[in-house]
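Engineer: Those protein sequences? They're chains A and B, same order as listed.
Residues 1 to 433 in the working numbering are what the first sequence lists, from first letter to last.
Residues 434 to 825 in the working numbering are what the second sequence lists, from first letter to last.
Heads up, some of the hints might be wrong.
Said to hold, decoys possible - Label-pair restraints from in silico Cβ distances:
(1) B/654 / A/94: 29 to 39 Å
(2) A/215 / B/461: 23 to 33 Å
(3) B/701 / A/4: 54 to 64 Å
(4) A/263 / B/557: 40 to 50 Å
(5) A/233 / B/654: 39 to 49 Å
(6) A/278 / B/609: 51 to 61 Å
(7) B/461 / A/240: 25 to 35 Å
(8) A/94 / B/790: 32 to 42 Å
(9) A/240 / B/473: 19 to 29 Å
What the hints contain is simulated information worked out from the structure, not anything from laboratory work.
Note that the structure is a prediction, hence the values are computed from the model and not measured.
Every residue, glycine too, gets a C-beta built ideally from N, C-alpha and C.
As a plain string of letters, each chain reads:
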Amino acid sequence: MPALEVRLRATSPELLSLPWRVPLADWDPTRVAFRDIPVGPSRHLVRFVDADRRLWALKSLPRRVAQREFDVLRVMETRSLAAVRPAGIVVQPQDDDAVLVTHYLQRSWQYRRLLMRVAPDATAHRSRLFDGIASLLLDLHRNGVYWGDCSLANTLFTRDGQVIQAWMVDAETAEVHPSLSDGQRRADLDIMVENVAGGLLDVAARRGEFDGGVERAFAEATSVANRYTELWDLLHLEPTVDAGATDTVTARVRDLESFGFAVDEVRLESDGDDETLRLRVDVAGRRFHAEQLRALTGLDVGEGQARVLLSDLRDLRARWEQDLGHHVPEAIAARRWMLEVFTPGVERAHAALSGHGDPVQAYCDLLEVRWLLSEQAGNDVGDDRALDALARRHTPGGSAAEVSFVELPTEELPALTPELLEELGQEPPPELP
Amino acid sequence: MAEITLKNIVKTYGDGFPAVNDVSLDIADGEFMILVGPSGCGKSTLLRMIVGLEDITSGDMLIGGNRVNDKAPRDRNLAMVFQNYALYPHLSVFENIAFPLRLRKTLSNDEIKEKVEKAAATLELTEHLDRKPSNLSGGQRQRVAMGRAIVRDADAFLFDEPLSNLDAKLRGQMRTEILRMQRRMGITTVYVTHDQTEAMTLGDRVALLRKGILQQVATPRELYEQPVNMFVAGFIGSPPMNFVPAQMDGTTMKLPFVSFDVPVGLRGAIGDREWVMVGIRPERFEDVDLIEEGKVSDGVTFDGKIDVVEWLGNEQYAYLPYELPQIRVEGLEEIEDDLGGETMQPQLVVALDPASKIADGTTAKIWFDPSRLHVFDMASGENLSLTVPAQS
């Protein structure tokens with residue numbers, strides 16, 4: 001019988017004092033602050049615990065598997081990949097059990113809740129969600145991570161400007177390699193398509209739309225793979241260019257940057273022909289706009305938010321230049337934008353949403369809603385109407401901001417009481433190999 | 434259905450490390466083949482090359498006679514069972530099995546229905562097809578996941594340590610389910626595990642790998658009774674085979690705890706070696722009080738100092754420490770490492786009949802039949818006794 005071994009990377013006193021000797025299934029909900037966060041079909045028991053005012057996800061699983069998942073998550077953390085962050089692993093004295101502890105992803109959504117509330121014809125929202133999955137899988141594959149079980153249930157979603165960022169929350173089947181073979185990538189894509197189709201079909205069945213849902217689910221799932229392939233091809237395109245054709249090189253770099261990819265190195269290699277060269281571009285990461293914004297303002301935000309904020313900054317700079325009649329250096333414009341536009345804008349937008357959610361995201365929503373309302377009206381409607389729309393939670397259809405109204409923020413999650421546990425116990429989530 | 438043929442398969446990684454080194458293996462149509470070995474032996478890499486997840490550095494991979502080295506995983510028509518086994522709570526059992534077929538769009542509704550019903554019959558799920566997964570038992574849910582693999586009409590089933598994810602209770606149950614399904618369907622199956630119990634109970638044949646090299650391919654019984662070398666002998670069997678260094682003096686074999694005349698048959702195999710490694714399975718020892726009197730003189734009896742006895746109900750194990758002679762053997766440590774580092778403990782593990790009254794701290798008379806010994810070459814680890822004609 002193994003001895004208890006607690007390894008935590010977060011020295012939270014309440015976390016340390018949890019009843020680690022006891023199997024997770026037997027923890028007393030009157031003594032442990034469980035939170036009720038429904039999880040998708042999972043083969044292992046998952047519980048969410050409030051400790052020192054933070055939420056933690058605890059998963060009970062065999063020791064070997066727990067250790068492997070912990071190791072994979074550590075690698076993903078060092079590579080800044082979008083996965084939940086591992087907080088610890090506890091080897092329990094019973095059988096072969098261990099508990100994997102991860103940080104709960106703040107302000108994240110589960111697809112089931114999201115899609116249950118987003119109608120099938122809300123294609124803008126849905127395609128944001130699917131783009132998020134495609135981008136995540138692309139990022140993982142570029143970094144040598146094979147997932148092996150990419151699905152809607154194994155993914156959480158956060159908002160990042162007008163895009164949705166997908167996060168890997170289950171790495172049980174994941175493997176880290178120096179690089180992936182085409183076979184690994186294709187197999188991972190095939191698994192994802194089947195899983196996503198299954199997840200969508202399940203939601204359709206729940207909404208009573210199974211019959212019409214089959215075709216749509218399969219088309220949407222396939223679209224994720226297509227989106228992935230487009231991006232993969234974009235990154236791996238190796239055009240032949242005429243020697244000295246700098247325009248082609250610049251255009252290629254711009255193209256990649258417009259998708260957020262920061263270029264690390266451009267290589268021109270001779271194919272043995274003196275006239276033409278093969279153009280290869282190495283991409284560092286997908287934070288091109290985020291790095292630019294950070295250099296200008298010190299703000300550290302997601303790529304999606306950075307894209308929105310940079311565009312806001314540049315709009316204002318253009319207007320100031322027009323007003324002043326002369327050039328304004330970007331750094332000067334950035335300082336003024338921070339002080340006079342961004343900071344008060346964030347405060348007002350966050351207040352309009354009663355202080356819920358991420359303040360920077362609230363400002364991004366304000367910008368988006370204002371733009372959409374102005375487009376409808378045919379002229380700039382100003383901040384006040386947009387703030388009002390946000391406050392009333394009545395924003396133009398298809399706006400990214402709409403998504404924030406469909407789900408409870410993390411902080412408002414109800415406690416998992418013994419009564420609730422019993423209720424859940426009557427219809428336990430499928431427990432699989 | 435198809436046979437799977439591996440011809441001189443090599444997998445070398447960027448750093449030149451050969452994860453799989455010149456493996457040739459014929460997996461017959463309908464055969465249940467186990468790939469087993471310690472961690473890092475190349476078993477998973479081999480499976481992944483069959484599936485198409487890993488590129489093959491050199492050699493040929495044939496499925497049903499066709500070379501598949503350059504085929505995408507999906508085009509190899511194999512099913513990885515339990516790869517993704519999430520069941521969807523709002524879909525019926527029928528739909529949980531059927532939906533991957535719908536996704537392919539090549540089958541009519543009637544064809545899908547026929548396939549699902551056939552799979553359900555095989556898995557004894559027919560009466561549950563209209564239910565939701567939440568109304569099924571744990572074992573039934575796993576059978577639904579298997580159903581998803583069955584309806585694909587794959588040429589072979591592949592399993593990559595499928596039970597490692599399960600808690601101890603479900604593991605045994607699932608092992609039986611997998612075996613039952615394979616026997617009913619008679620489908621070619623390749624199954625990777627690090628667990629020798631799984632290997633021995635499931636496989637028609639077992640391929641044992643070490644450091645990327647195939648050691649032996651044989652039925653579980655052959656592996657157990659005729660291991661080709663020390664590594665195989667030490668890996669298969671629980672508790673593992675005892676390895677004891679032995680010095681030859683003419684026809685006398687000197688073990689640290691007893692000397693005896695070597696059976697005639699073994700003499701030729703040992704040749705003029707001074708030292709050999711002797712392997713004796715724990716269950717080959719007997720408490721001399723419990724064997725027929727006539728049999729005693731057929732074997733060797735010695736006085737063993739009993740350190741501890743573990744009584745497990747259906748069997749008991751006695752532990753007998755002895756002095757290890759001062760002899761250094763090239764390569765032995767490596768074999769030890771691969772076997773988990775406990776092979777060369779200077780103590781015998783003796784499996785005794787549960788009726789034996791041998792007790793802790795006593796000296797007991799222990800018997801064994803020297804013709805059942807395995808004798809290994811000290812340097813190569815090769816099993817020398819295999820050249821000896823089998824004796825009853």
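Engineer: All the hints need checking, so say for each whether the structure fits it.
Structural biologist: Hints and how they fare:
1. B/654 / A/94: 29 to 39 Å: With a Cβ separation near 35 Å, residue 654 of chain B and residue 94 of chain A satisfy 29 to 39 Å, so the hint holds.
2. A/215 / B/461: 23 to 33 Å: violated, 42 Å
3. B/701 / A/4: 54 to 64 Å: holds, 56 Å
4. A/263 / B/557: 40 to 50 Å: Given a distance of about 58 Å, which is not inside 40 to 50 Å, the answer is violated.
5. A/233 / B/654: 39 to 49 Å: The hinted range 39 to 49 Å is violated for residue 233 of chain A and residue 654 of chain B, with Cβ atoms some 53 Å apart.
6. A/278 / B/609: 51 to 61 Å: holds, 57 Å
7. B/461 / A/240: 25 to 35 Å: The hinted range 25 to 35 Å is violated for residue 461 of chain B and residue 240 of chain A, with Cβ atoms some 50 Å apart.
8. A/94 / B/790: 32 to 42 Å: At 35 Å between Cβs, range holds.
9. A/240 / B/473: 19 to 29 Å: violated, 43 Å
Against the hints set out earlier in the document, violations occur for numbers 2, 4, 5, 7 and 9.
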